[in-house]
Amino acid sequence: MDILNRKTKIYLSISGVCAMILLIYAYFLSTSILKKSYKNQIETHYETTLLKLERFEKDKYNLLYTIVNDKNIKNIFQNKTNDILDNFLINLVKSNTLITQLRVLDLKGNEVIRINQKGSSTYFEKKENLQNKLHRDYFKNFLNLKQNELGISELNLNVENNKIERPFLPTLRFSMPIFKEHKKIAILIINYNMRNIINDTFSSSFFDIYFLDKEGYFIKHRLNKYNWSKYTSKLKKDNYFRSSEKKEIFVKSLNLFGDKYSLIYNLNNNLGIDSLFDYSIKIGIILFIAISFLITPLLYIVFRNFNQLKKLNQTLSQSQKEVELIFNNTSDSIILINDKGIIKKANSATEKNFGYKQEELLNKNVNILVPQPHHSHHDEYLNKHDGSMKRKIINQNRELYGLKKDGSLINISLTVTKVIISEKVYFIGTIQNLTEQEKSKKLFENVFNATTIGVALVLKDGSFWRLNRKFADIIGYTVEELTKLTFQDITYKEDLEKDLSLVYKILNKEIDHYSIIKRYVKKDKELVWVKLNVKGVFLDSNNEELDYFIATIDDITKQIQLQEKLSEAERVSQLGHWSWNIKTNFLFWSDNMLELFGKTKDSFNNCYEDFINTVIEEDKDLVNNKVKESLDNKAPFDITYRIKANNKIKYISAKGKIKYQGGIPIEFFGTCQDITSRKKLEDEKKQRDTLLMEQSKLASMGEMVGAIAHQWRQPLNSIGFIVQDMVSAYKHNELNEEYINEIKKEMMEQLQYMSDTIDEFRTFFKKDEPLKEFNLLNTILEVERLYKAQLTAHKLKLNIKVLNKSLNTISKEEKLLFNIKGQEGQLKQVIINLISNVKDIVESNKNLSSVQKEILIGFDLLENEFKIYFEDLVGGIPDSIMKRIFEPYFTTKDMGTGLGLYICKTICNKSLKGKIEYKKRKVKVDNTNYLGSTFIITLPRNLF
1 MDILNRKTKI YLSISGVCAM ILLIYAYFLS TSILKKSYKN QIETHYETTL
51 LKLERFEKDK YNLLYTIVND KNIKNIFQNK TNDILDNFLI NLVKSNTLIT
101 QLRVLDLKGN EVIRINQKGS STYFEKKENL QNKLHRDYFK NFLNLKQNEL
151 GISELNLNVE NNKIERPFLP TLRFSMPIFK EHKKIAILII NYNMRNIIND
201 TFSSSFFDIY FLDKEGYFIK HRLNKYNWSK YTSKLKKDNY FRSSEKKEIF
251 VKSLNLFGDK YSLIYNLNNN LGIDSLFDYS IKIGIILFIA ISFLITPLLY
301 IVFRNFNQLK KLNQTLSQSQ KEVELIFNNT SDSIILINDK GIIKKANSAT
351 EKNFGYKQEE LLNKNVNILV PQPHHSHHDE YLNKHDGSMK RKIINQNREL
401 YGLKKDGSLI NISLTVTKVI ISEKVYFIGT IQNLTEQEKS KKLFENVFNA
451 TTIGVALVLK DGSFWRLNRK FADIIGYTVE ELTKLTFQDI TYKEDLEKDL
501 SLVYKILNKE IDHYSIIKRY VKKDKELVWV KLNVKGVFLD SNNEELDYFI
551 ATIDDITKQI QLQEKLSEAE RVSQLGHWSW NIKTNFLFWS DNMLELFGKT
601 KDSFNNCYED FINTVIEEDK DLVNNKVKES LDNKAPFDIT YRIKANNKIK
651 YISAKGKIKY QGGIPIEFFG TCQDITSRKK LEDEKKQRDT LLMEQSKLAS
701 MGEMVGAIAH QWRQPLNSIG FIVQDMVSAY KHNELNEEYI NEIKKEMMEQ
751 LQYMSDTIDE FRTFFKKDEP LKEFNLLNTI LEVERLYKAQ LTAHKLKLNI
801 KVLNKSLNTI SKEEKLLFNI KGQEGQLKQV IINLISNVKD IVESNKNLSS
851 VQKEILIGFD LLENEFKIYF EDLVGGIPDS IMKRIFEPYF TTKDMGTGLG
901 LYICKTICNK SLKGKIEYKK RKVKVDNTNY LGSTFIITLP RNLF
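Going by this note's numbering, the sequence shown wraps up at 944, each residue one higher than the last.
Think of the hints as simulated: they come from the structure by calculation, not from any bench. Predicted, not measured: the structure shown is a model, and the values here were computed from it. Yeah, the Cβ is synthetic: ideal placement off N, Cα and C, and Gly gets one too. One or more of the hints may lead you astray.
Said to hold, decoys possible - Simulated crosslink set (SDA-like; lysine to any residue; CA at most 25 angstroms straight-line):
#1 K686 - I885
#2 K805 - V851
#3 K795 - S836
#4 K39 - K405
#5 K583 - I639
#6 K626 - I639
#7 K509 - K535
#8 K71 - T49
#9 K52 - S205
#10 K523 - S567
#11 K405 - I342
#12 K163 - N91
Claimed, not checked - What follows is a set of in silico ranges between Cβ atoms, one per label pair, in the way DEER data are often shown:
#13 L861 - L134: 56 to 62 angstroms
#14 E609 - E497: 30 to 36 angstroms
#15 D489 - E609: 45 to 51 angstroms
#16 N411 - T584: 35 to 41 angstroms
#17 S317 - R166: 34 to 40 angstroms
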């Protein structure tokens, strides 16, 4: 029994030791297998993730490339509605649920188009809600993109109106510039909602995946509350994972669209190595408790490992599905065949491109997709795959035709790759359908040949490789004739050197394009003016080797001819035009401007300072102040100044306008005209007018002298009577002191009256009369008093009405309403001339009635002006001469000068800033019809 017990103890001890050794060995073996499986699974998931993201980026590039090269979007800034573009963009956004916004911005950051997509709602944003994104970092980066270059922003949360949008909307912005005629005109930006992509890409049922930014913050965490921890909990990787846990995490760097990120793979708690260790410990305890059940824990370990492997296979199956998903969602056809040409696998794109279903292709010879003559020889090609096929086909991209199920042919691009799977040879064929590219090519051909400008592709030696009909039409050749010539052959010899020098600069990489105006010699030897634009096209992105030139021409012959006619017209009218770039101080002068100012292109320095130096010293401040006033007050520029050109003084009339950008003046442009001759004529006319005014004044003085003679006749008669009375008194011895004092008083009164009359006459015609405030009613009364003797002599009567009331009945306040500031003497001269004309008619016609000898003078007051009416009934003016009465030297009087009414008009228009007009008057008095005249004087209330 003891021996048995001893053997039993030994057996148990040996069994226990063996069990422990087996347990430890099983643990380390399982751990090693699991770790290796985990690493393989992590690598598979990581590679799948990279493939997904690469495919995602490629798809977005193709989408943006298609949009920015659409002809409709290149014309986005034309001032008309483009329904085709609007429908194209809105349908594009609707077809992709990941798009949240599509925007087109101009180069200043202003949104031109914004399409929003929220849920099932897709709409254009109203113009008043469009924003400026100039200050946003992503826009500044996108602004530097080159043509067809894809720009991708950093993955971040969407921000609207400077606030993070909630719930969080992870957003990735893809951008590409829009070019028109090699010039960047706008930026296309598409916002993608990355929430589902992040969740789908960085998820696994086998392990936890953490997605971190470059600062270590969590973007995706297995616990949603820690998602985007940079903006919530501020949790970082080092704070979250304990040092003991770091042994079970696997860190992978991820370059996502040009930015650095990290992926952390961590085993699920229920699948971890520690869990396996715990179970192993439990098995050991069971072994020690009941050795009879030793086999049980071994079976348990096997079962446990089996479950782990089963789960691993499930994960591998999931990865296989993901690969299958990518395989079937690519736009290129992918076909796997064996070395006999039998199709073993084909993706969904193959069904779409060739019209077959999967089951119709599998286990069929691939030659069903190959048309003749290659169809019958395809198997022969496969048999030679180790020889000629490897050299000519393997890993080579070839363009050929594919055969669809319906028998039609399609253009394809084929790349064949040889692979070894389970020691067997297979071939993978990647097929790209070129049908759309062919359509695009045809579209390009149509656009190339239908464009309204001439386009040519020119080789380095100057020969024409390709050109459109418009190019040939402009030059006057056929397309076939031009392909046999070089651009040197048809360039006008005086323009060839300049053109070639610019070509050499492109060849030497000093410039990449140029634009000039030049002349070609047409087939019929006539010259044609063109605007030529040339762009170099290089074989590589580094611009190391030039391939050809793209040349575009626009026929501007008519413009040049029109410009020459305009220049000739400027010369005839002594007119020149100018343009001043205020920012750069570059002043452009036309050829006529240079001629006006006595300058040449070599002697003029094209700056403001050089211009101001031509102005005479006395007018420089005038010009500088006027320029400053126009710039500061946005006022029109209109000035006359003097210059010294070719040792002659010229009068220049300049007019200009200022162009603003954002309220800041950027360009000042206008015209200058030589008005020296006109100025001389104006001065001569001014002298003539002055002479006429003096003549008129002398005529008026004659009238006034006559008036004074009448005025003095009575006091002179009175003085004569006084003298006669003195003689009589002397004879009768009646002279005494009282009598002497009395007659002295009477004589002094008469003399004072005569003196006052002379004083009034002197002030009436005072030269260079100053401005003063006077009353219109007092002025007419003063004229009446001075002219009273003349009026009495001819039995003329002045009837003065104010506001349709008699002058004697108006109040003092009403009289003050007719105060005005100006030259009273000038107005008196007009009144005298009008009264004198009536007096002359009365004097020459003795048969006029008392009704016709009344002159009605009326005063009226309007809001901004006075009206003075002079009305008579002495016959009026005949219709035949009515339009000429205000002309100088026109008169109907035998001894008239023809200056009276002309001077009246001149005084009213220039000196009094008003006007005078004539109307016929017809009045019936006591059943008798009378004809007469009405002169209406209009004066502004604020004369000066």
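Outcome of the hint check:
At most 25 angstroms may separate the alpha-carbon atoms for a hinted pair to count; K686 and I885 meet this at roughly 21 angstroms. For the hint pairing K805 with V851, the CA-to-CA distance comes to about 19 angstroms; that is within 25 angstroms, so the pair holds. Note on K795 and S836: the hinted pairing holds, with a Cα-Cα distance of about 13 angstroms set against a maximum of 25 angstroms. Between the alpha carbons of K39 and K405 the distance comes to roughly 45 angstroms, so the proposed pair goes past 25 angstroms and is violated.
Distance hint between K583 and I639 is fulfilled; the C-alpha atoms sit about 23 angstroms from each other, no more than 25 angstroms. In summary, the hint linking K626 to I639 is supported, as the alpha carbons are separated by about 8 angstroms, within the 25 angstroms threshold. A distance of roughly 12 angstroms separates the Cα atoms of K509 and K535; the hinted pair therefore holds under the 25 angstroms criterion. A distance of roughly 36 angstroms separates the Cα atoms of K71 and T49; the hinted pair therefore is violated under the 25 angstroms criterion.
Only pairs whose Cα atoms come within 25 angstroms are accepted, and K52 paired with S205 is accepted, the gap being roughly 18 angstroms. For the suggested pair K523 and S567, the alpha carbons sit about 29 angstroms apart, so the restraint of at most 25 angstroms is broken. Distance restraint check for K405 and I342: the Cα-Cα separation of roughly 17 angstroms lies within the 25 angstroms cut-off, and the hinted pair is therefore satisfied. The suggested pairing of K163 with N91 is violated, with an alpha-carbon distance near 29 angstroms, which exceeds 25 angstroms.
Range check, L861 to L134: about 60 angstroms between beta-carbon atoms, so the 56 to 62 angstroms window is met. The hint said 30 to 36 angstroms for the Cβ distance between E609 and E497, and at roughly 34 angstroms that hint holds. Taken as a hint, the range 45 to 51 angstroms holds for the pair D489 and E609, whose Cβ atoms sit roughly 47 angstroms apart. Against the hinted window of 35 to 41 angstroms, the Cβ-Cβ separation of N411 and T584 comes to about 53 angstroms, which falls outside the hint.
The hinted window of 34 to 40 angstroms between S317 and R166 holds, with their beta carbons roughly 38 angstroms apart.
Checked against the numbered hints above, the structure breaks hints 4, 8, 10, 12, 16 and satisfies the rest.
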